[in-house]
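**Q** Given these sequences and hints, build the entire structure.
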Amino acid sequence: GAVVSQHPSWVICKSGTSVKIECRSLDFQATTMFWYRQFPKQSLMLMATSNEGSKATYEQGVEKDKFLINHASLTLSTLTVTSAHPEDSSFYICSALSGAYQETQYFGPGTRLLVL
Amino acid sequence: DAKTTQPPSMDCAEGRAANLPCNHSTISGNEYVYWYRQIHSQGPQYIIHGLKNNETNEMASLIITEDRKSSTLILPHATLRDTAVYYCIGKAAGNKLTFGGGTRVLVKP
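Going down the list, the sequences are from chains A and B.
Counting the first sequence from 1 gives a position; this note's numbering is that position plus 1.
Counting the second sequence from 1 gives a position; this note's numbering is that position plus 34.
Take these hints with a grain of salt, some might be off.
[To be verified] With the C-beta cut set under 7 angstroms, the calculated list includes, among others, these residues of chain B facing chain A:
id, residue
1, Q76
2, G77
3, A127
4, L131
These are calculated hints, taken from the structure and not from any lab test.
All C-beta atoms in this analysis are idealised placements derived from N, C-alpha and C, irrespective of residue type, glycine included.
**A** The structure is reproduced here in structure tokens:
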């Protein structure tokens with residue numbers, strides 16, 4: 002149980018285009034999901050907290066207009082990187098909070114984004 | 035949330051128990067100790083968590099000292115697939131996970 006999927010697993014795009022990443026909790030409902038970013042040889046950095054039915058909460062320094070988050074249902078959150086640039090190239094990872102097990106976060110496999 | 039301190043790296047022999055230490059001397063009474071690991075190019079994997087009692091599941095055992103200032107994650111029989119970065123995180127319910135540097139564990143044949 003507690004499986005989280007992400008799609009796509011990797012994406013290459015041209016500078017200036019927008020990219021949408023999906024995060025799904027497959028066997029549980031998650032009112033809260035999180036989006037992280039990880040650069041090479043660094044640890045995970047929390048970008049934002051996604052709450053079903055309400056606006057996302059962004060960490061300091063993360064541009065909300067650039068990283069659009071939508072939590073449309075209890076099993077789906079999406080992250081859209083708008084007008085992507087090469088410096089947005091990174092490993093994006095989502096997690097979903099399972100309230101059934103003392104609020105443990107379960108992570109997706111990650112999406113590798115390369116902006117040319 | 036509590037600040038945790040872990041050794042940056044350690045080597046383990048395949049088939050032997052791997053004991054991963056974590057110091058969390060400032061942990062408060064309502065904060066759990068969580069362990070995750072991240073295998074290269076994958077999302078973190080939940081391993082185990084505990085509050086004050088020792089915990090065991092199919093992956094590992096978590097030993098928390100009585101004063102809760104430190105804990106040890108035990109992988110009973112390390113395999114090559116256990117090579118990963120292991121993160122120890124102190125977190126209260128409802129709070130966010132904050133990842134530090136973790137311990138880079140290399141299991142050697």
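**Q** Honestly, which of those hints from before does the structure not fit?
**A** Violated hints: none; all satisfied.
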